[in-house]
Each structure stands twice: as structure tokens, then as C-alpha cells.
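Put chain S on the given structure of chain U with help from the hints.
In case you want the letters, here they are:
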Amino acid sequence: MNNSARTALKFISRFQSVFVLVLMVVAMSLLSDRFLTTANGWNIMRQISVNVCLSIGMTMIIIAGGIDLSVGSILALAGAITAGLIKTPLAIPWLGIELEFTVGGGILAGLAVGMFLGWFNGQMITRVRIPPFVATLGMLSIARGLTMLWTKGFPITGLGSTFAIIGTSSFLGAPVPVWIAALLAVAFMVVTNKTRFGRYIYAVGGNEQAARLSGLNVDRIKLWIYTLAGGLSAVAGLIVTSRLDSAQPNAGTGYELDSIAAVVIGGTSLSGGRGSIWGTVVGCLIIGVLNSGLVLLNVSPFWQQVVKGVVILVAVAIDRLKSDGE
Amino acid sequence: MITTPATDIPVLAARHIVKKYPGVVALNSVDFDVRAGEVHGLIGENGAGKTTLMHILAGAQQPTEGEILLDGEPVQFANTSQTLQHRISIVYQELNLIPYLTVAENIFLGREKLKATRLIDSAAQNQRCKELLAPLDPSIDPRARLNTLRVGQQQIVEIAKSLNSHARVIFMDEPTSAISDSEVEVLFTLIDSLRRDGIAVVYVSHKLDELLRITDRITVLRDGRFVDTVQTSDTRQDAIVRLMVGRDLSEMYVQHATGIGQEKLRVESLSQRSPVGERLLVDEVSFSVAAGEVLGIFGLMGAGRTELMESIFGIHPKTTSGSIYVQGERCDMRSPAVAMSHGIGLVPEDRKEQGLVLGMSVENNISLSNIGLIEKFRFLNRALERRHAKTYVDQLSIKTPSVRQATKALSGGNQQKVVLGRVLSTKPRVLLLDEPTRGIDINAKREIYSLIDQLKQQGMAIVVVSSELPELLGISDRMMVMCEGRKTAEFRREDATEENLMQAAVPGFQVEATKRE
Numbered sequence: 001m002n003n004s005a006r007t008a009l010k011f012i013s014r015f016q017s018v019f020v021l022v023l024m025v026v027a028m029s030l031l032s033d034r035f036l037t038t039a040n041g042w043n044i045m046r047q048i049s050v051n052v053c054l055s056i057g058m059t060m061i062i063i064a065g066g067i068d069l070s071v072g073s074i075l076a077l078a079g080a081i082t083a084g085l086i087k088t089p090l091a092i093p094w095l096g097i098e099l100e101f102t103v104g105g106g107i108l109a110g111l112a113v114g115m116f117l118g119w120f121n122g123q124m125i126t127r128v129r130i131p132p133f134v135a136t137l138g139m140l141s142i143a144r145g146l147t148m149l150w151t152k153g154f155p156i157t158g159l160g161s162t163f164a165i166i167g168t169s170s171f172l173g174a175p176v177p178v179w180i181a182a183l184l185a186v187a188f189m190v191v192t193n194k195t196r197f198g199r200y201i202y203a204v205g206g207n208e209q210a211a212r213l214s215g216l217n218v219d220r221i222k223l224w225i226y227t228l229a230g231g232l233s234a235v236a237g238l239i240v241t242s243r244l245d246s247a248q249p250n251a252g253t254g255y256e257l258d259s260i261a262a263v264v265i266g267g268t269s270l271s272g273g274r275g276s277i278w279g280t281v282v283g284c285l286i287i288g289v290l291n292s293g294l295v296l297l298n299v300s301p302f303w304q305q306v307v308k309g310v311v312i313l314v315a316v317a318i319d320r321l322k323s324d325g326e
Numbered sequence: 327m328i329t330t331p332a333t334d335i336p337v338l339a340a341r342h343i344v345k346k347y348p349g350v351v352a353l354n355s356v357d358f359d360v361r362a363g364e365v366h367g368l369i370g371e372n373g374a375g376k377t378t379l380m381h382i383l384a385g386a387q388q389p390t391e392g393e394i395l396l397d398g399e400p401v402q403f404a405n406t407s408q409t410l411q412h413r414i415s416i417v418y419q420e421l422n423l424i425p426y427l428t429v430a431e432n433i434f435l436g437r438e439k440l441k442a443t444r445l446i447d448s449a450a451q452n453q454r455c456k457e458l459l460a461p462l463d464p465s466i467d468p469r470a471r472l473n474t475l476r477v478g479q480q481q482i483v484e485i486a487k488s489l490n491s492h493a494r495v496i497f498m499d500e501p502t503s504a505i506s507d508s509e510v511e512v513l514f515t516l517i518d519s520l521r522r523d524g525i526a527v528v529y530v531s532h533k534l535d536e537l538l539r540i541t542d543r544i545t546v547l548r549d550g551r552f553v554d555t556v557q558t559s560d561t562r563q564d565a566i567v568r569l570m571v572g573r574d575l576s577e578m579y580v581q582h583a584t585g586i587g588q589e590k591l592r593v594e595s596l597s598q599r600s601p602v603g604e605r606l607l608v609d610e611v612s613f614s615v616a617a618g619e620v621l622g623i624f625g626l627m628g629a630g631r632t633e634l635m636e637s638i639f640g641i642h643p644k645t646t647s648g649s650i651y652v653q654g655e656r657c658d659m660r661s662p663a664v665a666m667s668h669g670i671g672l673v674p675e676d677r678k679e680q681g682l683v684l685g686m687s688v689e690n691n692i693s694l695s696n697i698g699l700i701e702k703f704r705f706l707n708r709a710l711e712r713r714h715a716k717t718y719v720d721q722l723s724i725k726t727p728s729v730r731q732a733t734k735a736l737s738g739g740n741q742q743k744v745v746l747g748r749v750l751s752t753k754p755r756v757l758l759l760d761e762p763t764r765g766i767d768i769n770a771k772r773e774i775y776s777l778i779d780q781l782k783q784q785g786m787a788i789v790v791v792s793s794e795l796p797e798l799l800g801i802s803d804r805m806m807v808m809c810e811g812r813k814t815a816e817f818r819r820e821d822a823t824e825e826n827l828m829q830a831a832v833p834g835f836q837v838e839a840t841k842r843e
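Sequence lines, in order, name chains U and S. Residue numbering for the first sequence follows this note's numbering, starting at 1 and increasing by one per position. Residue numbering for the second sequence follows this note's numbering, starting at 327 and increasing by one per position.
Next up, chain U with everything else stripped away, as it sits in the complex (with noise of 0.2 Å):
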């Protein structure tokens, strides 16, 4: 390979997302002229913001050198418990009274639910060495079943109009999902670029005994990782539930895997140390803008599932190639 071919590979795979995603948003734009208008912007945005929260701890735990399979499942969980509580109050039977939650009370307890699990996720790897995958995939398991036990297996609906500001209004002129998605991508990126938590977050991935050796608390930053990522599945859960306006026992089956192809298409590596949050957020943009333009076109479902495995191996392949360049 010739120095002019190898500087403008390295050109392309340092932006390969934002290339991508570039050269997506101008092939659909060509391809359907319902593509490019700022409602369609707006609603792909708006599609994309449950995926940006999940992705946002999910690129944390990747980095660190972890994986979570559980955020779906929490994300329905935390769901189910804000809805439960605002609709109808909580019995305890054997002090004999009833909690009457206001609709803050209950967001504040399905977020507590989500980093509850979340840490519980950090304490059986951190403390029983469970590796990520495995502690990860018992809770998605758990956290789907508590929720099926929670709603009897029956969507919660109506749940008021206070609560649905969070999924269905806007705030100078963007959708409030949008508004907590970008607020807290853009929190996180200050996280993990400019602090010492996020400095931590890195060392670990990068070589786990070193940063031990280092003097670093290992266990106690997963531990953080974790719960901070179960926190954020809640938030989701909360935007889902309150944007249709029902909690659904099954919302978010799947989820984990839509967050770790963002989280790859974003250039952050498997095997931990390198990523950003950044890169994510466009992984999440270039999965929503495929969606998008494929149903604009009238694409069959199940072809959209083909192209966006063809997408995820594409980025993973130039990721390869800088490597191997190296």
C-alpha cells in the first residue's frame, strides 16, 4: 500500500462513522425526497434518543472491557415500576399501609430500580468474578421476569398527562427526549474526557492489573460503570413507557443489541480501552437514519434487519484495517 492510500485510510477510519453516516444521510436524500425534512430529522432524532441513553452506559461498560445484556431488560423493569406506582399505590400488607406515589416519586423510584440492578450487576462481577457476559445475561433473564411478575404480564396504561410530558412534548422546539439524550451525551462526554472517573474508565479497559497496580480502585469504578449504566437504562424505560403512554411487559427486548451495534458502529473497541461517547452517538444516528430511509422506501422489514448487520460488519471491518495499519 502506497503513503497517499494509507493517509487516506487513516483519514477515513479516524471519522469512519461520520463518514458513514454522512454518506448515508446524502444517499437517502437522493433516494426519497421525504428523507430530508426537518420532521423526518425530528422524528429520527426522537427514535434514536431511547438508543443514545442505553448506548451512553453501554460504551462506559465497553470500554471498561465489560458487556451488559441486561439494559433491555431493565429499561422494561424501571418502565413497569414508575407506571405501577403512578397508577395505583403500593400495598404493604404486613405494616398494613398504602404508598400513594406522585408521578416524581415514582420516576425517582423506576430509576432507583435501574441503578439497584445495575449495581447488582457490578457486585456479582466485581465481588463473585462472574465475568460481564454471563452476570449480565442472568439479569436479563431476572429483570425480564420481575417485570412480567410486576405487570401480570399486562401493559400499564394510562398514566396521565403530567408524566407524558417527558415522551411526547417539546422544549424550544425539539422533543424533550431529544433535550435528555443530548444533555446527557453531551454530560457523559465530559465524563469520560475530563475527569478522573473517566480517565479510570479507560486505564481499566486498556490493562486491568496495570491500573490496579496504579493504585486504582478497579472493582469500585465497574461497580460505578454499572450502576451509572442501569441508571441510564431507566432513564430510557422512562422516556419509552411515558411516550406511549403504557408500560409494556416486553418494551425493549432486543435493545441490547441495537446499543452494542451503536456502540461498535462507533468505532469503540471490544476488547475495551479504546471508544468515546461521541463515536456513539453517531453509531445511534447511523442506525436511525438506516431505519429511517429504509421504511421511506418501503424496504421489507427483514431486509432492514440484513442491512444493518451488513452495516455493523462494514464498520467493524474498517476498524480492522486502521488496526492492521498500525
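Bear in mind the hints are in silico, worked out from the structure with no lab data behind them. For each residue, glycine too, the CB sits at the ideal point set by N, CA and C. Misleading hints may appear alongside valid ones.
[Claimed, not checked] The calculated label-pair distances, taken between Cβ atoms and stated as ranges, are:
| # | chain 1 | residue 1 | chain 2 | residue 2 | range |
| --- | --- | --- | --- | --- | --- |
| 1 | S | Arg730 | U | Thr195 | 48 to 56 Å |
| 2 | U | Val128 | S | Glu391 | 30 to 38 Å |
| 3 | U | Gly41 | S | Arg471 | 42 to 50 Å |
| 4 | U | Ala5 | S | Arg730 | 21 to 29 Å |
| 5 | S | Arg469 | U | Arg220 | 38 to 46 Å |
| 6 | S | Arg568 | U | Ile130 | 51 to 59 Å |
| 7 | U | Leu183 | S | Thr717 | 34 to 42 Å |
Using the frame of chain U, we list chain S on its own:
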């Protein structure tokens, strides 16, 4: 000196090999050849191009220019499986074996013996493996899982694997870097017998004494260039060193006498249990080290020296017992973070696995242990970080194109200095150095020796663990020897000799320990 008639046509030869990487010329018109029945040593500082040359000759990398001759005929190797067909093999420094397979399964990996039914014929493999290993080390059981073997034995398995592929050229990359002295003897006997069988051995090493003992010819590389090939019988150690560095190395070890100050670290009856079983890896070891003093710890592989350092640094709190005092104050070393807060710094044995985050930049690595130094209002500050890193890059003369360079791209010596920088940034009072010069070139070694001397003069208490006797004798004020987890002797500098240190280190050689001065 062993001399064996060697044929005149080289089995394998390199002519004017050039290897360029973006921005670097790793090899610049290098010539090299090796004959059947010859042991040819390849030496040079890190970055001199030894490994690159070996990889090119063994087909793992392609040369940019130049040609390779096999039995005088030009050849091109596209990959290592082609070179294997030409019966050329490498015994890598990091052994390329699979820990969960048996010895025989490893040796036959990729060339399994099959029965008529296409199933693996384990019995035949084990039998052949036993025959292969008999002259090398009959105590190795072909059915043993590889990870139950000592590193030295694993190396023998790797060599047996080469022999099983009927190799006629074997490259050995730093073969003694991870094995004990007694295992080195076994290896050398083995190399001698390879030579008698007419196999060409290329022996890549830093260790001059070994090269002088085992090789027939030595080729010296410097900065990617061929310097000279000499007959081993006609040369001497200092002549080779001159070829390597291009100047005399009269002052290898720097040592200034320093007034020994107050005691900084005292360890009493420190023991460490093996996590599996009740064996003691460190057995009731006590010692102390004072400000301005260098304590050298000598021992063979498995003597428990690394485990001792790790126990002091709080890496295995659950299996460690005994007491540790820093400046007279008893400290409970629960974790490396706690040990660092008490002023202990450890430069670990394996810089790539334990010392560095290889994918991170020089500046990120240096700031990792004391990140508070580069924070402003709880946010990391790039300018502070750069300044902080540059202080250490200058002080330790770390050679790197930029502080933002990823540490994996640096040479071993510079990587080691980055680790040192990280540890020094925690301002330790006691510095524990575990094999600080392993696998780094002579110049970097000398820089590290003079650095140890400087730190000592600044009043730091320093403990150096090393397997190299001349090094320990050169830099220590006091020496302690460990054997099978126990402290077996302690010497003042003037009483220590290579002989009495080695006697105390060899298991079964019970000397009257000259404890207490």
C-alpha cells in the same frame, strides 16, 4: 570453546535486507547468514533490529528490499507456514503454546497424528513425544497439561515442537529471559546437541556471557545497521560491547557512597500463602532498608522475590501475614492504593502486563497513579498533564516523539522509564524495583543504574530485585538472598561475592547464613 566443523554454504542467508516502517528504517541493508551445525548469536540494543531481522528470516514479516537465500537459492516467504515447510522455526520469547492442551497436543498442534478413522491417535502422539523429550528432559510427561509446567520446561516443549517439525534452522528469541540458571544449563546442553545434529541455531539475546559461551559466531546490529560478524573464539566481552554501543562502556555502574539515614521500611516475619494450597510463597521474611540505601535481593526463579515485593505493595492482602513498618509506623497494606499512600512505590516485574496501559499515551500513563496533580476544579487539565509528563520525560530522558505517543510503540527501556515516571510521580519514600532492567538495552540499563544512584542520594530507600548478579553487586549497598520463599543470607557489599550469593540461592545448598553483620 566448542568448535564443530560447519559447512561453507549457509543454510539461510540475508542479503542487503531493508525494512522500512512509516517514518522509521528498522533495517538498513543488513547481511546475515547461518550455517548448518552452527550457533550464530545475534546481539544489539533494543531497537537495533534483531527482532525485525528474525521475523523477516522466519517469514513473519516481508522485507522492503533485499533477498533471502535458502541453500544459496533466492526464496520469498509469504508467511510463517511457508517457512515451516522449509523447516525454519522460531522459539518465541513469549512462548506460543496453548496452556490447556497437553504437552503432546501442543507439540503436534497442526500436524496431528491420525488414525485410519481420522480421529487423533493420542497414544502414538504421546509415544513420539516421549521419544522427543527423552534426550531433552525426561521428567516432562507428554500427557501433562502445559500450564502445569515450569517456564523452563515449557521452553523445552517449544524446542521439542521445532524438532518435531524437523526444523533445520531454529531461531531462539531471548530464550533465557524467563528461566532460572539451572534451566539455562539444560538449555545450553540441548543447544549443543542440536549443533551436533547439524541444525543451525540463531540465538538472539542481550546476555553477552551466554553468547560468548554458546555461540560460534556473533553478529552485532546497531540502529538497524549491520556492524560486524565476529568469531566468538577470537573476541571478548568488552569488544562486543564496543561494537554494540560504538564506544567504551567503562562506567557501567555508577555508585556514590551516601550516608545511610534513618530506617524507612521494616518488614517483620512477612509470609504469603499460595492462593491454592497451603504452600508458603514467602516464608517469614524480615528485612529493613534505610534512607539513602540500596538493598539488592537475589534469588533464582521461584525464590519468592516478586511475591515478597507484591505482598509489601498490598497486592495479595488476603494471603499475606506479618507486619510492615514505614518510618516506624505499622501499616496495614490492604491494597496498592494504600501502600502508595504510605509512600511505597513498585515498579513491577512485567512492564507490559503490569506496569503500563500500552494503548494509552506516555502522558496518560505517567499521570495515572497521581491524577490529582493534573486536575483543576476536579477536571483533568491537558496543559497541566503535558507539563507534568514533560518533567519526567526530561528527568528520565525518555525517548519518544511526543508525550502523546502510545506507549506500545516505545522500546522496552523507554517503556520502563515511563513506568518509573508514573511511580516517581507519587513521591515514594521507598521504591521497590522488580527486575528493573530485564529485556532492556545496555544504554537504558546504565541510565537506570545512574537514576537509582541519584534517587538514593536524594534519600530514597530502594529495594532492587534482580536475577543478574553483576548488576546487583554493582548497585547494592547491602544484599539479601532468598531461596524457596525463605531469606537465606544477608551480606554487606564488601562481603558479597558471586559465589556466596549463588550458594545461598541454590536450593539444597545450605550454607551457614552470614546473617547479621
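Okay, the hints, checked on the actual structure:
The supplied range of 48 to 56 Å is broken by Arg730(S) and Thr195(U), whose beta-carbon atoms lie about 19 Å from each other. Checked against the hint of 30 to 38 Å, the C-beta distance between Val128(U) and Glu391(S) comes to roughly 56 Å, which is inconsistent with it. Between Gly41(U) and Arg471(S) the beta carbons are some 59 Å apart, a value that contradicts the proposed interval 42 to 50 Å. One distance hint, 21 to 29 Å for the beta-carbon pair Ala5(U) and Arg730(S), holds here, with the actual separation near 25 Å.
Checked against the hint of 38 to 46 Å, the C-beta distance between Arg469(S) and Arg220(U) comes to roughly 44 Å, which is consistent with it. Look at Arg568(S) against Ile130(U): about 58 Å separates their beta carbons, and that is inside 51 to 59 Å. Distance hint check: the CB atoms of Leu183(U) and Thr717(S) are about 38 Å apart, consistent with the given range 34 to 42 Å.
Taken one by one, the earlier hints fail for this structure at numbers 1, 2, 3, listed in ascending order.
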